[in-house]
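S.K.: Here is what each chain is made of, one letter per residue.
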Amino acid sequence: MAEMFKKRAAFGKSPKISDYRAGKRHLFISPLRGDIFHICASLDPRYICCSTHVISHISNCPFECTYCFLQNYLTDATLTVVADSNAILDEIREKTSRQPWRLFRIGTWELGDSLAVHPLNKAALELVEGFAGLPNCILKLRTKSAEVTPLLDAEHGGKTVVSWTMNPPEVIRREEIGTARMDARLRAMERVASAGYPVGIHFDPMIMFDGWEHAYERLVNDIFSSVSPEQVIWISIGSLRFNPEMKKKIENNYPASTITAQEMILGDDNKFRYVRPVRVQMYRHVLELLKEAGAGICFTYLCMERWNVWQEVFGRYPDSIGHLDFLMAESVWKRFPGMCSCRPRKEKYMALEY
Amino acid sequence: MQGLPFSVEEIRLADLLAGSQPYAFSLYLKKLGLWDDKWPESSLESCGILSPVLAKKSGKNPQSVHVLDGFKRVYWASSRGMASISCVFVSGSISEYEAWMIVFAAQKHMLCSSALKAAFLQHLEKSGVSRETIVKKFMEALELGPSEHLLKKYLKIAGLPEKVLSFCHSKGFSAKRCLNLSHHKKGLLESFFSRSHSLSLSARLAEELLNDINDILRREGISPEEFFCEPEIAKIFQDRTDNRIRTERLRDAVRKRKFPVLTSIERQMEKAKQRLLDERSFRVSWDRTLENRAINLSASVKSPREFMQLVRELEQKDTLEGIRILLSFL
Numbered sequence: 021m022a023e024m025f026k027k028r029a030a031f032g033k034s035p036k037i038s039d040y041r042a043g044k045r046h047l048f049i050s051p052l053r054g055d056i057f058h059i060c061a062s063l064d065p066r067y068i069c070c071s072t073h074v075i076s077h078i079s080n081c082p083f084e085c086t087y088c089f090l091q092n093y094l095t096d097a098t099l100t101v102v103a104d105s106n107a108i109l110d111e112i113r114e115k116t117s118r119q120p121w122r123l124f125r126i127g128t129w130e131l132g133d134s135l136a137v138h139p140l141n142k143a144a145l146e147l148v149e150g151f152a153g154l155p156n157c158i159l160k161l162r163t164k165s166a167e168v169t170p171l172l173d174a175e176h177g178g179k180t181v182v183s184w185t186m187n188p189p190e191v192i193r194r195e196e197i198g199t200a201r202m203d204a205r206l207r208a209m210e211r212v213a214s215a216g217y218p219v220g221i222h223f224d225p226m227i228m229f230d231g232w233e234h235a236y237e238r239l240v241n242d243i244f245s246s247v248s249p250e251q252v253i254w255i256s257i258g259s260l261r262f263n264p265e266m267k268k269k270i271e272n273n274y275p276a277s278t279i280t281a282q283e284m285i286l287g288d289d290n291k292f293r294y295v296r297p298v299r300v301q302m303y304r305h306v307l308e309l310l311k312e313a314g315a316g317i318c319f320t321y322l323c324m325e326r327w328n329v330w331q332e333v334f335g336r337y338p339d340s341i342g343h344l345d346f347l348m349a350e351s352v353w354k355r356f357p358g359m360c361s362c363r364p365r366k367e368k369y370m371a372l373e374y
Numbered sequence: 450m451q452g453l454p455f456s457v458e459e460i461r462l463a464d465l466l467a468g469s470q471p472y473a474f475s476l477y478l479k480k481l482g483l484w485d486d487k488w489p490e491s492s493l494e495s496c497g498i499l500s501p502v503l504a505k506k507s508g509k510n511p512q513s514v515h516v517l518d519g520f521k522r523v524y525w526a527s528s529r530g531m532a533s534i535s536c537v538f539v540s541g542s543i544s545e546y547e548a549w550m551i552v553f554a555a556q557k558h559m560l561c562s563s564a565l566k567a568a569f570l571q572h573l574e575k576s577g578v579s580r581e582t583i584v585k586k587f588m589e590a591l592e593l594g595p596s597e598h599l600l601k602k603y604l605k606i607a608g609l610p611e612k613v614l615s616f617c618h619s620k621g622f623s624a625k626r627c628l629n630l631s632h633h634k635k636g637l638l639e640s641f642f643s644r645s646h647s648l649s650l651s652a653r654l655a656e657e658l659l660n661d662i663n664d665i666l667r668r669e670g671i672s673p674e675e676f677f678c679e680p681e682i683a684k685i686f687q688d689r690t691d692n693r694i695r696t697e698r699l700r701d702a703v704r705k706r707k708f709p710v711l712t713s714i715e716r717q718m719e720k721a722k723q724r725l726l727d728e729r730s731f732r733v734s735w736d737r738t739l740e741n742r743a744i745n746l747s748a749s750v751k752s753p754r755e756f757m758q759l760v761r762e763l764e765q766k767d768t769l770e771g772i773r774i775l776l777s778f779l
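Residue numbers (this note's numbering), protein chains in the order written: chain A, 21 to 374; chain B, 450 to 779.
Note that these hints are calculated values from the structure, not bench results.
Keep in mind that the hints are not guaranteed to be accurate.
With a cut-off of at most 27 Å between alpha-carbon atoms, the simulated BS3-like pairs for lysine-lysine come out as follows [said to hold, decoys possible]:
| id | chain 1 | residue 1 | chain 2 | residue 2 |
| --- | --- | --- | --- | --- |
| 1 | A | K268 | B | K705 |
| 2 | B | K557 | A | K269 |
| 3 | A | K268 | B | K684 |
| 4 | B | K634 | B | K612 |
| 5 | A | K269 | B | K601 |
| 6 | A | K268 | B | K602 |
| 7 | B | K684 | A | K269 |
| 8 | B | K585 | B | K635 |
| 9 | A | K269 | B | K586 |
| 10 | A | K268 | B | K722 |
| 11 | A | K269 | B | K635 |
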């Protein structure tokens, strides 16, 4: 690792940088300390959540998305990566083996982008290859970068989903500063799909702006010109959300951005969102576009929404968080059978407590 | 601080007023319109100056006499054409910290709000008192606790435009409320607070209006003055009416503009409610954010007769139709 960074590397403790932006310019390679594997911190029983699990081994991110919650979350903003992949894999193996019947979807993006620190993508490889040997786990890499070269020759065993947060170029330019352009993301998506990785697509956060309908239409068409729906394992849809403190942070850090000035209400989870009729209109629009693009076969779900929004968008809703967990596992079992070690049983998932 | 030796001298007012007055925090209060000159004026008019002004000599030059306490007497004497005023001098060797403590002791009764505490701390900082002294001595004396972080917050509050600080003081806003206001751009604060005399504002309402107007300005790319000069908004301020009514009208106009979808749906729901569900023995409400799909019905029943009346009304076709229509919006 030191060789990778040549003379700019130094051994020692984390510099503990409190400034969010300054922290992005310092990389700290950390040993594993404490537990790193847990359920997604956004899970809120008042909403229907996908109950994904996460490994929080990356903290902060070199990109500058105006809406990123990290600007109001990290006390130590030093870009940190836990490089001890074996220890991470041991912890996951130990915890997931207690529920062998369950399919664990495990993301590495909770506090940072999975592939944004390019020199460390080789380290991500260790996880990809490690997951190939975990029977009931799927690794979820989620990124806004296009640096996938190290992944292409990996022995992934079909157990890693590479996914992208997708927004129209207008949003990328204004709100996702420093991230890969849309065409680069699409090329990268094409490459990983050709290497046999299932692809995940996240229209989350969807952002409202003049002409959003056409922009998202072009986006969906572009995506499915690059990959076929058969290669897409799941699609999530969600809209911009942030807490009141974040609103101030965004306005201070990115005064030119107007994303916080839209018609939004404060939900029960203390997060601002677009008003429900607007969100439903956005979600329905994307859902319709997906159907037109032949992606109706992909498992599509809403992120951090209530049953009534699901009902309005899909005409149905999962009974519980456990039920959604089951539906996702069942979809994987049917469409990507090699990723599941056993057929998911509804009653087991429904009995899960959150 | 130990007991200080004093001497009394007659000093020319022209010299006092010609020189700089670095300890003149009360002049800042005068600028904010917080210089209460009623009681000293009447007292001075009837009895004259009974006690000398407290001052400090900072050099041999006659203009280097710096008043620590007694500016009102100085200004009153000057306005009455007096040539000189008696000054009690503290020792020239007292430290800056001690001099400022005397100023603090004289003004302490005025520093009753977060806004004025902030202004005083800023005055100290601008006068060259070290941060360490401010944090350790003056913040403690102001009962704020010795925190550099807190000092930064207070200095941010002190950076608010004078009209805003004065408003915050008059309303007794907490430091947190003041700090929330400091988040807004100066232009918006000045435009808003230059009209605040025509409004009836609580801290919460001022914050709500400023937040919503700020979002409108950013969303529509207009300036605060452009917003306030728009016919609909200007009319609200021109109409001769009670401040409370004007404030409600402004609030409605701002809300309609900030939440066009929400207010439009709300209007339709209210209409349906009025047509089908009003004047019944039960009340109907719903989540105004439209997030939760539920209609709440409530009623108080004082007798079995009233209960039967309620049941009959609940069973009416109009009730069902009203509930159906309201739920269709949620």
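S.K.: Taking the hints in turn, state whether each one holds.
M.R.: A quick look at each hint next to the structure:
1. About 23 Å separates the Cα atoms of A:K268 and B:K705, which keeps this hinted pair within 27 Å; it holds.
2. For the suggested pair B:K557 and A:K269, the alpha carbons sit about 35 Å apart, so the restraint of at most 27 Å is broken.
3. Among the hinted pairs, A:K268 with B:K684 is inconsistent with the structure: their alpha-carbon atoms are about 31 Å apart, more than 27 Å.
4. For the hint linking B:K634 to B:K612, the alpha-carbon distance of about 14 Å falls within 27 Å, and the restraint holds.
5. Distance hint between A:K269 and B:K601 is fulfilled; the C-alpha atoms sit about 17 Å from each other, no more than 27 Å.
6. Restraint check: the Cα-Cα separation between A:K268 and B:K602 comes to about 15 Å, which is no more than 27 Å; the hinted pair holds.
7. Distance restraint check for B:K684 and A:K269: the Cα-Cα separation of roughly 35 Å exceeds the 27 Å cut-off, and the hinted pair is therefore not satisfied.
8. With a CA separation close to 31 Å, the supplied pair B:K585 and B:K635 exceeds the 27 Å bound.
9. The hinted pair formed by A:K269 and B:K586 fails the criterion: a straight-line CA distance of about 32 Å is larger than 27 Å.
10. Pair hint A:K268 plus B:K722 does not hold up; C-alpha atoms about 37 Å apart against a cutoff of 27 Å.
11. Note on A:K269 and B:K635: the hinted pairing holds, with a Cα-Cα distance of about 18 Å set against a maximum of 27 Å.
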